[in-house]
Structure formats: C-alpha cells, structure tokens
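Chemist: Given next are the chains, with one letter for each unit.
2 protein chains.
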Amino acid sequence: MDTLSILRDLAIIIICAKFFGLVARKLKAPQVAGEIVAGLLIGPSVFNIVQSNDFLTGMAEIGVILLMFNAGLETDIQQLKKSGLKATLIACSGVAVPMVLGTLLFMCFYGFSGPGTENFTHGLFIGTILAATSVSITVQALRELGKLSTEVGTTIMSAAIIDDVIGILVLTAVISLKNPDANLGVVAIKTFLFFVLAAGVGYIIYLVMKKIDKRYPHTRRIPIIGLALAFALSYIADKYFGVADITGAYCAGVILCSLDDAEYIGRKMDINSYMIFGPIFFASIGLQTNLRKLDTTILLFSLAFVVVGLVGKIIGCGAMAKICGYSGSDSLKIGVGMMTRGEVALIVAQRGLKAGMLDSRYFTSVILLIIISSIITPIALKALYARTDKTKPAKAAEKAAG
Amino acid sequence: MDTLSILRDLAIIIICAKFFGLVARKLKAPQVAGEIVAGLLIGPSVFNIVQSNDFLTGMAEIGVILLMFNAGLETDIQQLKKSGLKATLIACSGVAVPMVLGTLLFMCFYGFSGPGTENFTHGLFIGTILAATSVSITVQALRELGKLSTEVGTTIMSAAIIDDVIGILVLTAVISLKNPDANLGVVAIKTFLFFVLAAGVGYIIYLVMKKIDKRYPHTRRIPIIGLALAFALSYIADKYFGVADITGAYCAGVILCSLDDAEYIGRKMDINSYMIFGPIFFASIGLQTNLRKLDTTILLFSLAFVVVGLVGKIIGCGAMAKICGYSGSDSLKIGVGMMTRGEVALIVAQRGLKAGMLDSRYFTSVILLIIISSIITPIALKALYARTDKTKPAKAAEKAAG
Chain A
1 MDTLSILRDL AIIIICAKFF GLVARKLKAP QVAGEIVAGL LIGPSVFNIV
51 QSNDFLTGMA EIGVILLMFN AGLETDIQQL KKSGLKATLI ACSGVAVPMV
101 LGTLLFMCFY GFSGPGTENF THGLFIGTIL AATSVSITVQ ALRELGKLST
151 EVGTTIMSAA IIDDVIGILV LTAVISLKNP DANLGVVAIK TFLFFVLAAG
201 VGYIIYLVMK KIDKRYPHTR RIPIIGLALA FALSYIADKY FGVADITGAY
251 CAGVILCSLD DAEYIGRKMD INSYMIFGPI FFASIGLQTN LRKLDTTILL
301 FSLAFVVVGL VGKIIGCGAM AKICGYSGSD SLKIGVGMMT RGEVALIVAQ
351 RGLKAGMLDS RYFTSVILLI IISSIITPIA LKALYARTDK TKPAKAAEKA
401 AG
Chain B
1001 MDTLSILRDL AIIIICAKFF GLVARKLKAP QVAGEIVAGL LIGPSVFNIV
1051 QSNDFLTGMA EIGVILLMFN AGLETDIQQL KKSGLKATLI ACSGVAVPMV
1101 LGTLLFMCFY GFSGPGTENF THGLFIGTIL AATSVSITVQ ALRELGKLST
1151 EVGTTIMSAA IIDDVIGILV LTAVISLKNP DANLGVVAIK TFLFFVLAAG
1201 VGYIIYLVMK KIDKRYPHTR RIPIIGLALA FALSYIADKY FGVADITGAY
1251 CAGVILCSLD DAEYIGRKMD INSYMIFGPI FFASIGLQTN LRKLDTTILL
1301 FSLAFVVVGL VGKIIGCGAM AKICGYSGSD SLKIGVGMMT RGEVALIVAQ
1351 RGLKAGMLDS RYFTSVILLI IISSIITPIA LKALYARTDK TKPAKAAEKA
1401 AG
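Same order as they appear, the protein sequences are chains A and B.
Position 125 of the first sequence, counting from 1, maps to 125 under this note's numbering, and the rest follow consecutively.
So the number in this note's numbering is just where the residue sits in the second sequence, counting from 1, plus 1000.
To be clear, the hints were calculated from the coordinates, so they are not data collected in a lab.
Hints are not guaranteed to be accurate.
The calculated EDC-like cross-link candidates involving lysine to aspartate or glutamate, where the alpha carbons are at most 20 Å apart (straight line), are [claimed, not checked]:
{"no.": "1", "chain 1": "B", "residue 1": "Lys1210", "chain 2": "B", "residue 2": "Glu1263"}
{"no.": "2", "chain 1": "B", "residue 1": "Lys1382", "chain 2": "B", "residue 2": "Asp1002"}
{"no.": "3", "chain 1": "B", "residue 1": "Lys1214", "chain 2": "B", "residue 2": "Asp1260"}
{"no.": "4", "chain 1": "B", "residue 1": "Lys1239", "chain 2": "A", "residue 2": "Asp2"}
{"no.": "5", "chain 1": "B", "residue 1": "Lys1086", "chain 2": "B", "residue 2": "Asp1330"}
{"no.": "6", "chain 1": "B", "residue 1": "Lys1210", "chain 2": "B", "residue 2": "Asp1260"}
{"no.": "7", "chain 1": "A", "residue 1": "Lys239", "chain 2": "B", "residue 2": "Asp1002"}
{"no.": "8", "chain 1": "B", "residue 1": "Lys1390", "chain 2": "B", "residue 2": "Asp1002"}
{"no.": "9", "chain 1": "A", "residue 1": "Lys147", "chain 2": "A", "residue 2": "Asp330"}
{"no.": "10", "chain 1": "A", "residue 1": "Lys354", "chain 2": "B", "residue 2": "Asp1002"}
{"no.": "11", "chain 1": "B", "residue 1": "Lys1354", "chain 2": "A", "residue 2": "Asp2"}
{"no.": "12", "chain 1": "B", "residue 1": "Lys1214", "chain 2": "B", "residue 2": "Glu1263"}
Make a model of the complete structure from these sequences and hints.
Modeler: What follows is the structure, given as structure tokens:
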C-alpha cells in the first residue's frame, strides 16, 4: 500500500465528510447522513476519486470501536438494569419478525419450498442478514439529539447489543444447517462465558482504574488505558468468544462508565472520533457501494429487501415495545431506532458467501439496506423527537393534572 | 489484512508505549525514548508479539504528519524570519560534514578510490543517508521541555526543514551519477516552485481561514479544515514537487500559525497525536528493527556509522552555529538537536536500494542510527537544558550587571 495515497484519501474524506455533514445540518438532517452521502459521492457510485482499501477499512473499524466505546461510557447502569428484560424481549421479536419476512420475500422471488430444501435455506439466510441491528448510526443520531441517555435511548442500545448476540447465534444455527462443524451449543456457551468474563474481569479492572483515577485524576493515562482496554476487549470478544468486536468495545465502555473521569475519557475519545475516525467510518459505508452496478432484477429485489428490512424492525421491535408498556410514540421511536443495519449485516453476508449460502450479487442489496437505513433512521428519529418535544409541555401538564 | 489483528496490535502498542513512556519519565528521560524502547521490546528484536505491517506503517505516517503539523502551528513567524539565514548556513554545514565523514568511513572499510569509481559512488551514498536530520523526535523532546518556541528551538526546526530539502537535492544529485534520467535542475526548480506555491496559496488559505475563524471561533470545523489542509499539502508536496511529505505538513502548520485559534487547533491535534498516532509512530521505529539479525562486520560498521552520524551533525551544525554568533552552549544544543535521523534516512536508503547503490544489509545500520539517535538526542537535550537552566539565573544577573 502506498502511504502517500493514504494522505490524499484522508484529506478528501475529511473535508467532504465535514462539508456534507454541515450541509445535512443546514437541511435539518443529522450530520451522519451527510457523511454517508459524502462517501457515496466521492466513491465509485459517482465521482470515483476515492476507492475503499484495506487501510481505510482498518481506520473505519477503529472508528466504529471508538463510537461503541463512547456509547458504553455514556451508559446509565441504573437505566440499563431497568430496561434489561424489556430490551431482551424487544431484541428477540426484532430478530424473529425480519427473519420470517426476509425468508418469505426470497420465496416470493424464487419460489416457495419447505424446510430442508436448498431454496428454503437460502431464503432463511436472506432473513438472517436482516436480523442484527447495527446501532452505531442510531447512537450517533441519538447523541446529536441529546437523547442517548434517556430510557428510550438506553432501551435501543441494550436491545441492539442483545440482538447482535442473538443474530450471531442465529447465523451459526443457519450455517450449521449446511455445515455440521458449527455447533450451536458451543457458540451459546462461548457467548455466555464472554459476558461472565467481561463482568468478572471488568469489575476488577473497574476497581483498579478507580484507584488510578483517584490518584491521578484528569491525567492522560486515564483515557489511554481506557482506549487500550476498548481495543483489547474488542479483540478478545471476537477472537476467543466469537462475539462481535463492537460488542466488546461497548462492554469496555460500560466497565468504565461509573468512573469519576468517565466523562473526561469520553471527551478525549470524542475528539479522536469526530476529527478522523468517525468521518472515515461513515464515509466508508458510502465508499463501499457502487450504485452503477445495479441491474433491474437485483434492483427490484433490493428495494423489496430494504422495505422488508425496515418495516420488519419497526413491527418486530415497535409492537413488542408497546406490549412491554412503552407509549405509542416511544414504541415507534424504538422500532425506528432499531432499523439501522451496518457492518454486522455485511459480516453475516460475507460468512454466507463463504459457506456457499449466498450469491455475491446480494451484496448490493445488503449495502443498499445499510445506506438507506443509515440515512433514513437518523432523519426519522429527529422528526419523531421534534414532534414529541413539541407536544411534551402539553403532556407534562396533562400528567401533572392526571 | 485482518482488521481484528489491528485491534490487538493497537491495544498492545498503546499500553506498552504509555507504560515505558512513564518509566522513561521516572528515570528523568523523555517519554519518546521510552516509547521507542517499547517498540523494540514488543517487536522482533525481543518478544516479537507485534510485527510491523502496512496498516501500522500508515498509522505511523499519519502520526509523523500530525507531529510536524503541530510543530508548524507552534512556529513563531518573527523568530523564523530572524533565524532564517543562520538556519540555512547551519543546515548546509550540517549536510556537508556528515556526507564527507560518511564517504570516508565507507572507504576505511572497503578501500579508497577516486571519484567516478563505483566504490566512491557507494561511499558517497552512505554519506547521503547521513545528510537529512529527522526533526520529529527533537520536536517532541523540545516540546516536552517547553523549549520549542525559543530561538534555539526555532533554529533547529528551520535548519532541519531546510536540510530535508538539501538532503533531497543531494540524493537526486548522487543518484543521477548512476542514472542520467534524474535531472538536478528540475528537482531544484520543483522544490523552489513548491515553496512559492505554499507561500502564495498558503496566504490565500490563511485569509479565508481567518474569516471562518472570526465567524465561527472555537468550532469543530476549524481544526478539521486544518487537518485536511495538512494531509493535502503533505500529499501535494511529495507527489507533485518531490518534497518530503512531512515538510508539507510543517508548511500547513506555518500557514495557520498566526490564526487566533492556532492554539485551539494545536490542542485538538495534540489529543489525536498523544492518544493513538504518536505512540504508534515512535513504537514503530522500534518495531521495524530486528537486532537479532546483526553479524559482527555489519555490527562494527553500524557502530562506526552511528558515531560518524552523530558526531558529524554536532560538528557540522554546532561549529556553524558558533560561527553564526550563537553562544557555545546554544551551539552545542543546536548540534545535538540536529543529530536525530528518522524516516527521511530510511527513504533515502530505500531509494538507494532501488537505484542499485546500496546493499540491503546497510538497512540495519540506518535503523540502528535512527534508534540510537532518537534515544540519545532527547536525553542529551534534556541534560543540556537542565545545565543551562540551572546557571541561567546567574547569567541573567550577569547580563543585568553588564
């Protein structure tokens, strides 16, 4: 790789992402959406002046790790405990509904057939891609709106973390339909062990960090150790336990979120994030897409796939949220907030390709879903919050009266 | 490249660099030296748990760009104007002396022969490697000591920038001895044009940025645009004008150093730098070395090469500084500050390898020079400043009395 071309790519990405981020804000849309559009414009879909490469992929990976670590740092543990059971139910329903709809969609296009047939397995795999929410964009949108630490925000965060885990379990189950080597029981045990380890070792780390923090408050070593912990836990989660690395980063944040200096760490991370890694992460979603390669059949399928993906989460998560006792407006926000798909959907698709369960042309559909959900979700969330924030004073008055 | 192993490498590098940086500080040595030692320890020389790779090289490149951009931001233009002529003279002498000594050293080992022979050209090339100071480590050491914006600091900075340019001209001249395609006149003109462009376009950018800064002071867009400028100018310098990219980054800093928000930009860059990119840059110097591969002949040559490299700069720059009217103690500081070699020496060596003028085994010598000069220079500078800072009150009293 040419180190010189890295500098050129970074200059273009940073300046374009910032510019379109500001344009998005002027249009009352979240900056993230602008950054993704910037990636689309400079990428192979339009001007083709920057191409995705290994280095940018690595930088984007660091970007999403920082984002999730930061989200973990902002977690309100009390809130998490309160929303834990509800979040699990919402996550389960949010996995099941899109999976069923996705399988049905595939069969509508390619013929119906019963369980056990190859066609059915392939359909099930299309459904599996739709299972996991990728919360990073929702996190950024909620943060821009100042709603990340609210009950709805925490519920979305926890449900998305849980549905990553469920998504990976489902992936393993579906792949094991074709490959007897993958053992679902082992995966479940490893995942469970990871969370036990994260809780146990995490508590010890928390106590040590609390001591260091007391002795050297507001020194550079605090965020640096935190950052190293985020990278280490991400690596360990993925490498040794088969849990998504971003889940590891989130756990690292949760481990440190009760430190006195949690906010200080978060501020330092945020600067790293918004200056370099964040714009690269969001722009690279656009960069990885080539809209020019679409043909009519796959375009039609892709559009249906996107609609099913979005509606599936709104119904699956929104309905369960309503059953769990959230208000109609909050349930809708939860459903909408869970719509985003990202790198996890891509990873699932890649594993399916490797296992011979997915054709490579469906990658366009997956990327289209990622882009559209990433652009629509923040805009929709902003609109939903604008509506409730307007009516809130009235509601608060009602409540007081009631 | 495996994105997962990146996370592992980063976790190890960041935690080890920080740890040994703190150990170095406890031992009254600068943190940079500790970070390089950390790289040596985790690299192939000792424990071999992290290997240098394309991704880390790219990150290290960003690290050195940020470092030089920051150094440019901290430039005092008045000081630079004052020290410009002297710095040029010091740079010239600091290139000439090590070149002559390096050529002589090679001949001591491999036999004397006159100009025009292959042996002479190879010897001259060994001298050329010694020409360019790599100022990044000195910058960091001077910054840790709080001496970057002093007259001596500015002189070292300017001389190092100028000797990069001279070093590249000399490299082209020496290579053109074997390859008639490289035209020295063209290189000189391109270098001149770059500085004209940097000054002209730079002034326009400065005026635009000043307006933006006035309208949106202390907003995120200011450092982001600055960062993009640093990357862009680094790329343009190297790609279109054959000037080292780090020189471009330094110029970007100088362009913005008179903004009201220059310090604000610097602070944001500094956080990016010390959290991730800086430790990676310094540790990767150690990572690129394998001390186990040394045999006796090359070890002997390497040791002599290192001594000649260090002494050559002290004599070349120090003596000229004294001639230019600096005090004995300041001249020594300038000579010592110019001792560091870094990526430019490696780049020169790589180009020599490509042109068939250097054997690959001399790479160990170059890397050894980089490591030893990078460790010794900051320690020596700190000691020199400690001595003068102690005697300063006395001197100030003398001056007042005089």
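Chemist: Compare the structure with each hint and give your call.
Modeler: Hint-by-hint comparison with the structure:
| no. | hint | result |
| --- | --- | --- |
| 1 | Lys1210(B) x Glu1263(B) | 14 Å, holds |
| 2 | Lys1382(B) x Asp1002(B) | 41 Å, violated |
| 3 | Lys1214(B) x Asp1260(B) | 8 Å, holds |
| 4 | Lys1239(B) x Asp2(A) | 11 Å, holds |
| 5 | Lys1086(B) x Asp1330(B) | 13 Å, holds |
| 6 | Lys1210(B) x Asp1260(B) | 8 Å, holds |
| 7 | Lys239(A) x Asp1002(B) | 11 Å, holds |
| 8 | Lys1390(B) x Asp1002(B) | 52 Å, violated |
| 9 | Lys147(A) x Asp330(A) | 12 Å, holds |
| 10 | Lys354(A) x Asp1002(B) | 16 Å, holds |
| 11 | Lys1354(B) x Asp2(A) | 16 Å, holds |
| 12 | Lys1214(B) x Glu1263(B) | 15 Å, holds |
The structure is inconsistent with the numbered hints 2 and 8, although it conforms to all the rest.
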